[in-house]
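K.L.:
Whenever a hint applies, use it, and build me the whole structure from the sequences.
If you're matching them up, the sequences are chains X and E in order.
Per the working numbering, the first sequence starts with residue 4, numbered consecutively.
Per the working numbering, the second sequence starts with residue 4, numbered consecutively.
To be clear, the hints were calculated from the coordinates, so they are not data collected in a lab.
If you're wondering where the values come from, they're calculated on a predicted model, not measured in any experiment.
Careful: at least some of the hints might be erroneous.
Identical copies carry no separate label here, and so any pair may be met within one copy or between two of them.
As the list claims (entries may be wrong) - In silico BS3-like cross-links for lysine-lysine, where the CA-CA straight-line distance does not exceed 30 Å:
hint	residue 1	residue 2
1	Lys76	Lys123
2	Lys101	Lys50
3	Lys112	Lys101
4	Lys50	Lys112
5	Lys123	Lys136
6	Lys101	Lys136
7	Lys50	Lys76
8	Lys101	Lys73
9	Lys101	Lys76
There are 2 protein chains.
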Amino acid sequence: MRLSEGVEAAVHSAIVLAELPAGATLPGAALAEYHGISGSYLLKHLKDLVAAQILESLPGPAGGYRLARKADKISLLDIVLAIEGPQPAFRCNEIRQKGPGALEPAAYKRPCGINTAMLKAEQAYRAVLAETKLSSLIEDYARRADPRAVAFSCAFLEQNQRLPR
Amino acid sequence: MRLSEGVEAAVHSAIVLAELPAGATLPGAALAEYHGISGSYLLKHLKDLVAAQILESLPGPAGGYRLARKADKISLLDIVLAIEGPQPAFRCNEIRQKGPGALEPAAYKRPCGINTAMLKAEQAYRAVLAETKLSSLIEDYARRADPRAVAFSCAFLEQNQRLPR
Numbered sequence: 004m005r006l007s008e009g010v011e012a013a014v015h016s017a018i019v020l021a022e023l024p025a026g027a028t029l030p031g032a033a034l035a036e037y038h039g040i041s042g043s044y045l046l047k048h049l050k051d052l053v054a055a056q057i058l059e060s061l062p063g064p065a066g067g068y069r070l071a072r073k074a075d076k077i078s079l080l081d082i083v084l085a086i087e088g089p090q091p092a093f094r095c096n097e098i099r100q101k102g103p104g105a106l107e108p109a110a111y112k113r114p115c116g117i118n119t120a121m122l123k124a125e126q127a128y129r130a131v132l133a134e135t136k137l138s139s140l141i142e143d144y145a146r147r148a149d150p151r152a153v154a155f156s157c158a159f160l161e162q163n164q165r166l167p168r
Numbered sequence: 004m005r006l007s008e009g010v011e012a013a014v015h016s017a018i019v020l021a022e023l024p025a026g027a028t029l030p031g032a033a034l035a036e037y038h039g040i041s042g043s044y045l046l047k048h049l050k051d052l053v054a055a056q057i058l059e060s061l062p063g064p065a066g067g068y069r070l071a072r073k074a075d076k077i078s079l080l081d082i083v084l085a086i087e088g089p090q091p092a093f094r095c096n097e098i099r100q101k102g103p104g105a106l107e108p109a110a111y112k113r114p115c116g117i118n119t120a121m122l123k124a125e126q127a128y129r130a131v132l133a134e135t136k137l138s139s140l141i142e143d144y145a146r147r148a149d150p151r152a153v154a155f156s157c158a159f160l161e162q163n164q165r166l167p168r
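P.N.:
Structure below.
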């Protein structure tokens, strides 16, 4: 079982955008360059984040991406669901309704106990992701980041951000 | 993010095998027939369960599969890991060490905060799976199963099981 690599790129990108001054945007190409990844690869994931209203995309020469809401209102679960889609990891194919021993469909009033148990585990997974906000990841990072990395980020944003007119 | 369909087949198969009398086995072909699935498809997953010491496989004319340990000693986590492998869903590719702002590798003493958060969620997921034993799934099922389904299962096992000589 594997989360798409886009989740990693999406979280990192959202964290960079969280550092923009109010109203500013960052072009997708700059985000890709910052992370050393392909622009077209990242673009797909940025689109998913826009569709999920995690990011906004402004068109035109002053355009680019920015957070659509504050970093403390964006959780890891928001981002994972935006990239991966809403379905749980376990998809019940109703094996119990196949094979020679299967009864009529109406006999299966309640979900399969296996499905119920797998969904309970998924809920626990999603609950931890839901309580982890972008803002807390940023705070943790700020507390222990190498000052050279911080300096690079600030300079990169200043050079590449686009400010509203 | 999606668990392999083999997880569903594996759990169902283990539950059927839990109902065998002591020492008896069930051939893989019978397990596949019971669930209305392909034998060669199921065989791969049964092999994974044997490798993980969840099932035993006995060769020969009296051969087949049976649980390698009691149903209360087998958890959903055991089965998921046997089918999916041990790696977590989130694989950190160290994006933070790529791109123009990357520092020397020695600068990255601690894991990325994103990876830490994703692993914490995975731990919560696995903890729920670990506490769900095959025996409790069987008990829940026994309490509410349609008697016709139970009767079919018993008859199927009697007809297809192989008893030790």
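K.L.:
For each hint given before, does the structure comply? Return the numbers of the non-compliant ones in rising order.
P.N.:
Hint check: 4 fails alone, others pass.
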